[in-house]
Amino acid sequence: MAALLSVENLSKYFSGLAALDGVSFEIREHEIVGLIGPNGAGKTTLFSIIAGSQPPTSGTITFEGRDFTRVKPFHAVHAGIARTHQIPKPFLSMTVRENVEVGLRFGREQQSRNLEKQAMDILDLVGIASRAGTSAAALSVGDLKRLELARTLAARPRLLLCDEVCAGLTESEMQSILGLLRRIQSLGTTIIYVEHNLRAIVATCHHVIVLNFGKKLAEGPPEQMQNDPAVIESYIGKKGGA
Amino acid sequence: MSAAAQSPGAAARALRALPPLLLLGLLAALPFFDLGANQIKVLFLTFVSIGASVGWNILGGFAGQVSFGFAVFYGLGAYTTAVGINQGLSPYLTYPLAGAVAAVASLLVGLPTFRLRGPYFAIATIGVSEATRVIMTNLEFTGGASGYRITEHVPFRQGEHYYTGLILAACAVVVSIAVRQSRFGLGLRAIRDDQDAAADSGVNPYTYKLAAHALAAALTGAAGGVYARYAAFIDPEGVFGFPRSVGILLMPVIGGVNTIWGPVIGGGVYGVIEEELVARFPQIHLLLYGVLVMLIILFEPGGVVGLLQRLRRLVTRSKVA
Chain B
1 MAALLSVENL SKYFSGLAAL DGVSFEIREH EIVGLIGPNG AGKTTLFSII
51 AGSQPPTSGT ITFEGRDFTR VKPFHAVHAG IARTHQIPKP FLSMTVRENV
101 EVGLRFGREQ QSRNLEKQAM DILDLVGIAS RAGTSAAALS VGDLKRLELA
151 RTLAARPRLL LCDEVCAGLT ESEMQSILGL LRRIQSLGTT IIYVEHNLRA
201 IVATCHHVIV LNFGKKLAEG PPEQMQNDPA VIESYIGKKG GA
Chain C
1 MSAAAQSPGA AARALRALPP LLLLGLLAAL PFFDLGANQI KVLFLTFVSI
51 GASVGWNILG GFAGQVSFGF AVFYGLGAYT TAVGINQGLS PYLTYPLAGA
101 VAAVASLLVG LPTFRLRGPY FAIATIGVSE ATRVIMTNLE FTGGASGYRI
151 TEHVPFRQGE HYYTGLILAA CAVVVSIAVR QSRFGLGLRA IRDDQDAAAD
201 SGVNPYTYKL AAHALAAALT GAAGGVYARY AAFIDPEGVF GFPRSVGILL
251 MPVIGGVNTI WGPVIGGGVY GVIEEELVAR FPQIHLLLYG VLVMLIILFE
301 PGGVVGLLQR LRRLVTRSKV A
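For the protein sequence lines, the chains are B and C, in the order given.
Read in our numbering, the first sequence has 73 at position 73, and its numbers run on one by one without any break.
Read in our numbering, the second sequence has 147 at position 147, and its numbers run on one by one without any break.
Next up, chain B with everything else stripped away, as it sits in the complex:
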């Protein structure tokens, strides 16, 4: 299968400090790829660059065979790359449904018909249909995370970048979100999923990429990564103490 996204030798420096240092990988279509690594490993920076929120210092990004290295975020969305934010960024003056309608109207398909029904379907999918008419400002943290995911899904992405959609959620909330990601994937969307919880990664992902200090440490099937000595070391430190 051809690569949907390929990242080559990507680096990002913040005044000399390397947030990403020569990272390369490929994402094949219809996969859920886990992106893991300790705090500060560069996961969110990598997302921001792929989604066009910030430019890389060097390296290239290719999406569906086209150069996407310095794309603007709205162009990335129109082409089918959409991201969620770790800290949700809802449109607070709007209702929950209006938030989703922004994604529908401005996303990849630029919808203009049946907005209400489509929005309700998506809200139903993420489980907050009952809050459709509520102001986004009145939502709980968990519901805001769902809304963030709903608005991103409304853009009908081909590649969905999920940044810790489960952080701060309860076990059962997490299970329902993971189930949702698997369902979205089965409907034909490719997903890159940033997560700290290794159990969630193993249960959901086909493939795992491990970042540490801005470098790719390892990649492979989740079970293998779980037992990789280098990965374990990066997470809990060297055996026998530092």
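Just so you know, not all the hints are guaranteed correct.
[Unchecked claim] Here are the simulated SDA-like pairs of lysine to any residue, each with C-alpha atoms no more than 25 angstroms apart in a straight line:
no., chain 1, residue 1, chain 2, residue 2
1, B, 72, C, 120
2, B, 89, C, 184
3, B, 89, C, 302
4, B, 215, B, 17
5, B, 89, C, 13
6, B, 117, C, 13
7, B, 89, C, 118
8, B, 117, C, 12
9, B, 89, C, 210
10, B, 89, C, 11
11, B, 72, C, 206
12, B, 117, C, 118
13, B, 89, C, 10
14, B, 72, C, 117
15, B, 89, C, 117
16, B, 72, C, 182
17, B, 72, C, 112
18, B, 72, C, 207
19, B, 72, C, 204
20, B, 117, C, 11
21, B, 72, C, 115
22, B, 89, C, 116
23, B, 117, C, 182
24, B, 89, C, 115
25, B, 89, C, 119
26, B, 72, C, 121
27, B, 117, C, 184
28, B, 117, C, 185
29, B, 72, C, 114
30, B, 89, C, 206
31, B, 89, C, 301
32, B, 89, C, 121
33, B, 72, C, 210
34, B, 72, C, 192
35, B, 117, C, 10
[Stated by the list, open to error] Partial pick of chain B residues on the chain C-facing surface, computed with a CB cut under 10 angstroms:
no., residue
36, 76
37, 103
38, 105
39, 152
Quick caveat, the hints were computed from the structure, so don't treat them as lab data.
For glycine and all other residues, C-beta sits at the position ideal for the given N, C-alpha and C.
Based on these hints, arrange chain C on the given structure of chain B.
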């Protein structure tokens, strides 16, 4: 559910459209009653103010980009109409022209200043506005600081000005409603709430802000043109001065920023206060405005519309209780 849910919605919409239409009819009929020339003048100036401030609200309210530089567009519109009439153009042709000139100018202003956000954008617009005033003060072609006179070889008919002003204000409100209900308006709201999230949802913040700026400038420019023909004499201090920018911004703030009717109500309040305040306290009326704005920001950032909504909530709550 859609058919059943929509018919009361349509009825409610029709009901909501009724008061504005009644108001429009009333204002259209007013000249037939025995009003003094001064009252007609105050109303005319209020309509012009409403045209400009409803325009400003598209950028400053809907898109949340507060500009202190709308005198640029008001003044350019005024001078476009003035020069146009003196060149023999029909006044009614000069108003769209005034809007077009202002819209083009808004692109020149917007391209660099929209790189800035929030207060930095606001400060930049003050700079552009002052620079324009200085240039116009020194431009010989339009008489520089001593001003520019319009010579029309038709008798002055106040009624004609009154209706031109009324149509201008009505057009501005219609444009504002259309924007509010459109995809474009939704994009502006998204930018107002969170520009980065809007971009991540597929909204192009630069083109949307430029478009809102151009539309707002066009309405403000047309308002400047309508004013210029009435005044028959304009000078840079009057149409490009900083108080003009503040006035255009003040009306939506008084009435309620980011609403359809806020700038209209604010324009009405402003028109009346301006007439009274300037007449009674010519030295300190700007100071009084300052106090008024501080009170609004401290106690009711939603302006008159916000106050009305708060009162309505109080009434409904006391009914329930």
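Give me the numbers of the hints this structure contradicts, sorted from smallest to largest. Per hint list: 5, 10, 12, 13 violated.
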